[in-house]
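So the chains spell out like this:
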Amino acid sequence: MGSNLLTLTFLIPLAGSLLVLLVPKESAGRACRWVNLLTSLATFGATLAVWSGWSKHTGGGYALVEDAAWIKAFSIRYHLGVDGVSVALLLLTSFVSLGGSLASWNIEKSPKGYHSMFLLLLGGMIGVFMALDMFLFYLFWEIMLLPMYFLIGIWGGPRRQYAAIKFFLYTLAGSVLMLAAIVLIWIKHGTFQIPEIVALVKAHGGLFGEGAEGLRIACFIAFFVAFAIKVPSFPFHTWLPDAHVEAPTPISMILAGVLLKMGGYGLIRMAYPFFPTAAATLGTTIVVISLISIVYAAFVAMAQTDFKKLVAYSSVSHMGFVTLGLASLTPEGHNGAMYMMLAHGTISPMLFMIVGVIYERAHHRDLDRFGGLAWAMPTYGVLAAFGIFASLGLPALSGFIAEITVFLGSFQSFPRLTLVATVGMVVTAAYYLITLQKVYLGDTPAVYRDKAHYPDVSRRELLVLVPLAIVTLWMGILPDGAMSIYRGDLEGILEGVKAIAGKP
Amino acid sequence: MTALGALLPSILLTAGVLAVLFADAAAKGRRPLLLPWISGTALVAVAAVAVAWLAGDRLGDRVVLGALRMDAFTAVLTLFCAVAGLVSILATLVGDGNSRPGGEFHALVLCAVVGMSVLAAAVDMVTLYLAFELVSITGYVLVGMRRADRLANEAAMKYVLFGAVSSGLMVYGLSLLFGLAGGTSLEALRAAVVSGASSQPVFVAAVVLVFAGFAFKVSAAPFHFWAPDVYQGAPTAVAGFLSVASKAAGFAGLVRVVLALGAQPATAKEPIASFLPWGSPVAAVLAVAAVLTMTVGNLAACRQKDLKRLLAYSSIAHAGYMLMALAVWTPNAMSALVFYLVTYLFMNLAAFLFAGIVVRATGSSSIDSLHGLGFRNPWLAAAFTLVMLSLTGIPPMLGFLGKLVLFESVLREGWVWFAVIGLLNGAISLYYYALPLRRMYLEGVAEGAPPVRLAPGAAVLAAVLVLPVVAFFLWWSPLADWARTVVPSLRIGS
Amino acid sequence: MTPSLASLIPDLTPVLPGLVFWVLAGLSVVSAVAAAMAPKIVHAAFGLMAAFFGVAGLYALLGADFLSLTQVVVYVGGILVLLVFGVLLTGRAKAQLGLEKPVRVGGAVAAGTALLLGLLLAIGKSDLSRSPWLSDLPEPQGTTHAIGRALLDPEQYLLPFELVSVFLLAALVGAAYLVRRRRDAS
Amino acid sequence: MLTLALVVVLAPFGGFLLQSAFGRRLPRQGDWLTIATIGASFAASCALLAKVLGGETLDPAVVAGARFDWLRFGDVVWRVGVKVDGLTAVMLFVVTLVAFLVHVFSSAYMKGDPKYWKFFAWLQMFSTSMLVLVLADNLLVLFIGWELVGLCSYKLIGFWSEKAAPGNAARKAFITTRIGDLGMVAALMLVYAQTKSFAFEDMFRAATTGSLDSQTCTWASLGLLFAAMGKSAQFPLHVWLPDAMEGPTPVSALIHAATMVAAGVYLVGRCYPLFTDASLLVVAAVGGVTAVMAGLIALAQDDIKKVLAYSTVSQLGFMFLGLGCKAWHAALFHLTTHAFFKALMFLGSGSVIHACHHEQDMRRMGGLWRKMPITGTTFFVGVLAIAGFPFVTAGFYSKDAILAGAWHMHPALAWVGLGAAVLTAFYMFRLFAMTFLGKPKDEHVFEHAHESPLPMTLPLVVLGVLSVVAGWDLVGWHTKLLEPTAAAVTSAGSVHGHEHSEVVMTLAIVAGLFGLVAGFVLFAKTSPARVAALKRPFAALERAFARKFGFDELYRELVLRPAYTLAKILSWADAEGVDGAVNGIGRTARSASRGSGWADAKVVDGAVRGTGAAVLAGGGGLSRLQSGRFRTYVAAGVVVVATVLVVLSF
Amino acid sequence: MTGFLEHIGLMHFLTVGAVLFCAGIVTVLARRNAVGVLIGLELVLNAANLNLVAFDRFGPAPLRGSVFAIFVLAVAAAEAAIALAIVLNVFDSRDEIDVDEVSALKG
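Line by line, the protein sequences give chains E, B, X, U and C. Counted from 1, the first sequence has number 289 at position 290 by numbering that gives the first Met the number 0; the numbering is strictly sequential. Counted from 1, the second sequence has number 112 at position 113 by numbering that gives the first Met the number 0; the numbering is strictly sequential. Counted from 1, the third sequence has number 46 at position 47 by numbering that gives the first Met the number 0; the numbering is strictly sequential. Counted from 1, the fourth sequence has number 555 at position 556 by numbering that gives the first Met the number 0; the numbering is strictly sequential. Counted from 1, the fifth sequence has number 8 at position 9 by numbering that gives the first Met the number 0; the numbering is strictly sequential.
Just so you know, these hints were derived from the structure itself, not from any lab. These numbers were taken from a predicted model, which means no experiment stands behind them. Treat the hints with care, as some may be off.
Each computed EDC-like pair below joins lysine to aspartate or glutamate, with the alpha-carbon atoms no more than 16 Å apart [as the list claims (entries may be wrong)]:
hint	chain 1	residue 1	chain 2	residue 2
1	U	440	U	360
2	E	71	B	148
3	U	370	U	302
4	E	187	B	480
5	X	39	C	97
Reference excerpt, derived from the structure (chain U facing chain E, CB under 8 Å, subset only) [to be verified]:
hint	residue
6	49
7	50
8	192
9	460
10	461
For glycine and all other residues, C-beta sits at the position ideal for the given N, C-alpha and C.
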């Protein structure tokens, strides 16, 4: 097991981030773009290697484990490992980041800073998905915050400072709660290692021993809030629209594509397995929160006039499915939630790229000022329609499979509440079609007709959009391919949780 | 450890004072760089002695001359204050204020360090009071050093008047304690407290009054009002010296006094989430003060427009966190306090150094003067950002470790709500620590702004301070273990 | 002097210490209040002087002869003179007016009385009050000799004694520096 | 047998891929390619029909082999496969035939349209998804086909989406059907929760053996009905169909006559075992009401395509009525016959519109028979068929069977059916008379009219023949096909095969003839002035019919407007409320009272800003305390010490 | 009647001390002139000294209080000197020593 492939995987982006800084000043613009692209490619390759490494690993538990003592005083270990769930999300991260690095091709404002922050962010994200020591997990979680603050803050839109500080404060407040919970666990049980804690929970039927149910629920809430801010679910979602509207296109892609999945991953890896009983008792509240996220965000999206804000709210709505699926504690629910993470992880970057393409040309995102773009830019129109219908949940595309599986799963545990969620499908259809019609159909105002300013989608942009479309289609028609990666481990985790939570 | 051995640091420093004064007189105005050299060597010598004490085990923690307890804690604090003094002197050469101070400046700094090292070791009320006052009056003069500057004068006046009144309260409190203990030594006081003196109402009154004095010294609420005005009026290096050295000495003195007063540590330890352990009045006062100080520091800082005032409120907030450790009062918490003090030293000195450099370069200490610094001098801006984030407690930086160790010790005692308030306070602090970042990076650079040049000396000093802030993470456990060794010598509760 | 005069005055010896105490206490308290409330700062300074004398008397009553003498010499002779100089030097200052606006004085007095109430309650309730009467205590001997030995005895107060020398040096240097006419352009 | 089924589906799908990829560059923009593929599919379905007629059914072994595991959850496996039985064979035949004819018709009708190739691509995709829907062996794949059909109809209705109206119509269609689909999703969830599988066999076995309790069955079947109402534009979800006429006429013919709308009926037919008596009653009620309502509305329409659209809605109502009355066999027979003559009439109206340069208002037409004999005659045959002209037309047999079934169930339902039949005959003949008979009302239109070219008239003739022949039990084709499936599908249902009760037949004949004669008298013979006079008393009624009973306005007020305002309020709340949660009720109440519209100055924007405001307010308070004056500093300290002393000493 | 005259106990001295202490605090709060504050300060220190001497006399340990008082006295002297120097500086730079006017640094 001595392979240190995992360390390599997250070191490549960090090394790239430093390398970019050393690029000579005058050719800064062109050179660091390429460094960024090559590093992202290398990272993607590394994740593929991790995938094959993982598939060759037989026997339960985590693959490619690297475990070394790090800080003896606090029994913190440099403990990395992957299972099906992490591999799937690692692949998603590197794939979306590859698209992101391509999309950040013409960043003029101090490119060296931008690309080094970009790669630092990538390193942080990859680290989060493979850390098995809770302290290391927290470390990566925070490392990722800093570059995101600068990326939104410096290269963002007009109100970027406000959006950046809001993003930073929200996530920091959440992670501070998580830190308290992590330290409490360490105090009571003396370990930061996730596998050990899960084993403890399995052995004693819950952390903190008998009679500490109140503390267990408090800790679960701490974890849940920290991750719900990231997901984001209903009460904590207000940072997302601002962050998205102000972030530059490639960063919105990564923000939507990967950062939101960390919340879900955290719930799957830590919140539910650590406190199954608390999860069961709070099940109904979580479902209600998810329902509000789905339906509320869909309605708010309908009233938006800024294209990007609309897509942001639709992300909130779709991510509501993740918490809904997880709360149902059924095989379909869990698999559906994970599938929604992967599906949304490919569809939303595509949508943000589409918004980015038109923003780069028109320099505004006001829905009412667009019209008939499908005729002015045909291929762009087709791709946009594809993205919109994928996000709408049209069958033969990945969105549909995820929604249906989550519905089937959550119906078994919360029949009446799930019916409320189906309303979301109609509202989503409504606002997306209204947008499609406002922006792409109808008559084309003169300004969008001249080819000079509004050329059709360029080869580079195609290189970003088409792979995402292909994956969405593949995941829609043959879902078992993607699902087989994480199904085994995810259901193993679910069995563990259900055994203790006492759910039928 | 002979009496003379114990007094070695004070002797060296006093010799330094005399040497500086004579050199200044001899040089008659032609102020060579001799003066900083003399004071520098004196301080380095003292630091060396302290390190020798720590390395060797000859400390034997005996009480010397009836007033000084030479244990590891004293050695650490002496080393701490010597280093702080040295850095402050170097910072003055580099920062704002007159960069070629006269002999008096060096003399006063050395006297202050004498006071601090004695305060850290004092186990007798009289010595404690004297050392406390020595540190204060040197502070008053250092703040008022720039005689021509209206603001400096105003700051000095407020500082001296507020300080005098607070120490007046303290002396009155000490007099009452003297009555209870029947003797001036803290040992006698401890004996009295153990034999039930703490149940007397006058004891509580005395505790509150004594705490008033120490609250002034460590700028804890409600005696923190002087700090923002003084830090803004004083030269930045002096402000840095006050915020680190005199505060650390204040904490050391407070530990000694609480060691005596809080003989029974917070006995009533409900298992979890008991917010105010009314076990002993000392713990209650400290806990309330901690929460008050943290909140005041963080809330007020959010509205600041001036960099030095912001750093003042930030140091008040950090005093609040340190008071938390005192309120919890367990061996674990004490080692966490020492650990936090070390992290606080590096962070705060670096922050005030950078503030000094910026004020010197741009002439004004308002946060807006940082405009576009990120592009005008990337390395300085990057270092300043790292320090700011470390003060907030963002991981891989040093500040996070300090907070982690601190909150771990608080949580271990089951004070969950106390820890949560602290953590949330930390989160709020991001808002004002990010203000400078915003000015430096997020607002782009005005074309005409001149690039800010960093003097080589300042660069070296900055590097020395910032390096541990970032790299400390790698060898974190040695410091944690070492901090743990310091505590047993304090002989708490035995 | 005819015994009649002596006999006129009632034999006060048993009551003398009490009488002296009340006189001195009265003097101190009244003069302290005067120092606080006097409209002109000069009157406040004189009030303070009277308070110093009252306290010096109390020290003598308590048998601390050396201390009452030092009190008179240092406080009245040194510090009071210093303050008076301060008052005169800043005489030209616009704000020669003595007291604060009435509402602030009222607030100050209220805070003061609250503090006094708290202190007296605390002291009253604790068992300090059951200490023996002054008159029952043994006769006080001269204290100067004992103080002198205490100051230089390494087991007692030798260290503070040395420390106070550094302290005074620092004060001297500092004060001199602050008030030196601007010889240099610092 | 299995390969045939696969060819039927994959041929048009291949056509779609090729056409959308290379359509533009192919000669004649690839219309021949698509016609060929749909032709192949039609041939395969004929072969399949012959095989099934020959009694050969798919042996289970082959079928099982054809299945493959699509998704696995724990121990549950979702299998996906193909199912061919009598019902499927009939549906395949109908769909592919009509699709083929529409392709041929469009090659002429759509000539010269800039996006000519794109039209055929989407026609192919539509056919594929319809065939997937029909061939699916489980409810999930059926649902996938169902939604894809919705997508294609969105694309085809909104084909000319440069103009706003088609775009809005397409969106309306998609969203209304999507609302219906909610029912399908609910049904899916209900069934899956208990049986953990979607395959029809498992479902029906569970339904019959009772492992699916009747309560779930009823709710599931009502869900399916709701979806069917959406897709087949039954009352109250019918609002989208008339607007869908914005699409090109061949689209209306293919989608809104034969296939898509029929999918609803097919769904109910396929999942018949799920329907308990209670749900069947609802089906019948919905069918009946829709038949009558649609008939009345059709009466008052002047646009030729809108009349046909409402007649489709009415006929579908008829079929649902039949299904509701357990006349499963009759309803599906009517489905097939209706497909033929309705497609005929739509294409006929297409050729009329094509001839009169896209003139759709009947009031401007008249006397076109002389100018367009073939279209005229075939159209006349269609009118007779739909009116149920006795013994000759197919319509008569199928409608009669439904009425017989209805009569058996409950006489009242039969009378509703008869009423609808009269209305159908009446408005159909009115349409025919106004278009083809009488004097031409608009010289310019009449002048210009000419007979359509061969590719448009040939399909009309074929459909004309079929709408007559289909009725005769030539080769007893529908009995052989539908009977076995009927037996398999309905439990001990009292399904009447073909037996006529004489009373009903005579009534049906009388109703049909009466309608035709009345139509003839009123519209061919009497002058328009007298007709107007006759109609005057019913003017108010007519206006109500014309405005489709105000359903559009009703929905706009009840559903759309509240939805938009709710969205606006929530969006404002999100920016102010949830975000500004901390800034106190007072301020939000005040800004809400001042005409809430989020446009007013953003008082406090966002939770961080909310908490931020609180923090800043706190900071503000403190900085006021930091007044710079020494006095306040000491006072604060002393006050605190004093209070602590006083408190602690008590 | 004469009882209250003979029996003078520790309480009496402590009370006088407390009154002096509070008078000092009131002076500090009430006086606007910086020198006035110094006067108040001296009063507070005197009160403390009085307490020390009183405890020394009534308490068991010999003469510890007086030594402490002497040191307090020394400190008071030095402090007064420093404070006065600073006040004079302030007077030089802005021609007034009114504690309330001197409030440029605030917020």
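Given the proposed pairing of residue 370 of chain U with residue 302 of chain U, does the C-alpha separation stay at or below 16 Å?
-> Measuring from Cα to Cα gives roughly 20 Å; hence the hint is violated.
Does residue 360 of chain U lie within 16 Å of residue 440 of chain U when you go C-alpha to C-alpha?
-> holds, 11 Å
Given residue 49 of chain U as an interface hint, is the shortest Cβ-Cβ distance to chain E below 8 Å?
-> violated, 32 Å
Restraint outcome when residue 460 of chain U is required to lie within 8 Å of chain E by C-beta distance = violated, 37 Å
With a cut-off of 8 Å, does the beta carbon of residue 461 of chain U approach a beta carbon of chain E closely enough for the hint to hold?
-> violated, 33 Å
Going straight from one Cα to the other, do residue 71 of chain E and residue 148 of chain B come out at no more than 16 Å?
-> violated, 53 Å
Minimum Cβ distance from residue 50 of chain U to chain E below 8 Å?
-> violated, 29 Å
Minimum Cβ distance from residue 192 of chain U to chain E below 8 Å?
-> holds, 5 Å
Are the Cα positions of residue 187 of chain E and residue 480 of chain B separated by 16 Å at most?
-> Violated: residue 187 of chain E and residue 480 of chain B sit about 21 Å apart, past 16 Å.
Quickly compare the C-alpha distance for residue 39 of chain X and residue 97 of chain C to 16 Å and report which way the hint goes.
-> With Cα atoms ~14 Å apart, residue 39 of chain X and residue 97 of chain C stay inside 16 Å; holds.
The structure does not agree with the numbered hints 2, 3, 4, 6, 7, 9 and 10 stated previously, though it agrees with the rest.
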